[in-house]
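Residue numbering for the sequence shown follows my numbering, beginning at 1068 and increasing consecutively.
Worth flagging that the hints you see were computed from the coordinates, not collected in a lab. Fair warning: this is a prediction, and the values are worked out from it, not measured in the lab. There's no promise every hint is true.
20 Å max Cα-Cα, derived EDC-like pairs, lysine to aspartate or glutamate [to be verified]:
| id | residue 1 | residue 2 |
| --- | --- | --- |
| 1 | K1314 | D1453 |
| 2 | K1392 | D1326 |
| 3 | K1109 | D1120 |
FRET-style restraints, in silico, Cβ to Cβ [said to hold, decoys possible]:
| id | residue 1 | residue 2 | range |
| --- | --- | --- | --- |
| 4 | I1212 | Y1413 | 46 to 56 Å |
| 5 | F1116 | S1454 | 27 to 37 Å |
| 6 | K1370 | Y1245 | 28 to 38 Å |
| 7 | S1130 | T1187 | 18 to 28 Å |
| 8 | D1170 | S1442 | 36 to 46 Å |
| 9 | P1091 | D1453 | 38 to 48 Å |
Just so you know, even glycine gets a beta-carbon here, dropped at the ideal spot from N, CA and C.
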Amino acid sequence: MTQRNYIFSLFLVVSVLIGCKGTPERTEFTITASVKNLNGVKVYLAQNFKVLDSAVVENGAFSLSSEVLNNTAVEIMFVGSDEDIDLLTGGWRRYFRIFVEHDAQYKFVADGRKQIYDHTFRLETNSPLAQIYYRLYASSFKESIKHREIAEGFEKILASLNTSDTSIQRKYDDSVSYHRQLQSSSFANANKVAIEKNPNSYLSIYLLSEATDLALDQDFYIKMEKQLTGKFRETNHAKKFIKALAKIRTDLPIKLAVDANSVADEVFNFEDFKDKNGIVIDFWATWCAPCLEVMPKALAIEKQLKAKKIAYVFLSYDERIKTWKGESDRLGLQHSYRIAHNAKPYLKETLHLESIPRYILVNNRGDVLFRDLPSPNDPKFLVTIDSVMNRIATTK
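Start from the sequences and build out the full structure, keeping to the hints where you can.
Now the structure itself:
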């Protein structure tokens, strides 16, 4: 065997061993800093906003360290003491996130508070993924600020308009809405660009697990889920993402069977709703405080949905029939049913229904159109329903 072949064989063995070992679930994270005009400022290291270490800037430096979850982000939080900056909070506060890679080194460099405010500080690191995440966050922050300022400009013009021409007012209203939407989606859009370039990376898996717009861009996330392979698909972040996506996927056909009886002891039957375009099912119970809290809004929305030929059905998890019937009458629920005890495991398995309240959208045959609607208190509730129904209408 030649020396070259020997080295190549050794490289293969080492690669296999490293691949088998994988990356550690936890790692030691340390960050040092070189800063100006920040002496006396408190700095905290946190993960999922649980504080792990703290320091005070002295002589333009600080150091933070702790064992943290690997291949995820940590928060670096600054708390100043200049009470004239923000009298309500007694100082100024800012935080940013850093992506953690095993054995990587990190150094924070800033020339003062302004660079922390506008995210123009430097992060020196030998972690390629942390560098990508840093640049991603910085560019998203800049984009968000740009659209916020444009929206505020249009709002000022709108406030100063002295005209009864509704078309002009609508034009500025639309411009404000457009830029506010771009402002709120700047981080999500930047993340999706990074994910699409390489779904099978620890950074992409983390970003997927943190995504909050799965329902609004379902096609994109389904496409990314199908591209996940090997060790990346088996990570906790990937499993979290896949589980969350499964709750709202409409490309996975599910025909729901409902075993329930009404207040009048009539069996639930989808045939009773055959003239409806869709049915919102509200899973609730008389003992569920969050369910009752949102009920006034749900009843108000029920009236709005009637105009769209969408029914609103309440399926209760109550065991005590008398209590459920009494509360249904008190609330004035039109379509109130109580789920049979032996049907609950089926619902848990089919819909991943772990807790209530829960809201789903089905058609008049019981085919699930959307597995996990936002709360009726959320403006996205009606937006999501309209989006699903419009998509179905255009594909007919």
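Next item on the list: Compare the distance between the alpha carbons of K1314 and D1453 with 20 Å, and conclude whether the hinted pair is satisfied.
Entry: Given pair K1314, D1453 holds - Cα atoms ~18 Å apart, limit 20 Å.
Notebook entry, point to check: Regarding I1212 and Y1413, is the given constraint of 46 to 56 Å on their beta-carbon distance met?
Noted result: holds, 49 Å
Next item on the list: Please test the hint of 28 to 38 Å on the beta carbon pair from K1370 and Y1245.
Entry: At 30 Å between Cβs, range holds.
Check: Honestly, do F1116 and S1454 meet the 27 to 37 Å range at C-beta?
Finding: Holds - the Cβ-Cβ distance for F1116 and S1454, about 31 Å, lies within 27 to 37 Å.
Check: Given the hinted pair K1392 and D1326, is their alpha-carbon gap at most 20 Å?
Finding: With a Cα-Cα distance of about 17 Å, the restraint between K1392 and D1326 holds, given a limit of 20 Å.
Item checked: Supplied distance hint 18 to 28 Å, evaluated on CB atoms of S1130 and T1187 -> Hint holds: Cβ distance 22 Å, inside 18 to 28 Å.
Check: Taking 36 to 46 Å as the hint, is the beta-carbon distance of D1170 and S1442 inside that range?
Finding: holds, 43 Å
Note to self: Within 38 to 48 Å: is that where the Cβ-Cβ distance between P1091 and D1453 falls?
What the structure shows: At roughly 46 Å between Cβ atoms, D1453 and P1091 fall inside 38 to 48 Å, so the hint holds.
Next item on the list: Compare the distance between the alpha carbons of K1109 and D1120 with 20 Å, and conclude whether the hinted pair is satisfied.
Entry: Roughly 11 Å separates the two Cα atoms, so the pair holds.
Going through the hint list in order, the structure satisfies each hint without exception.
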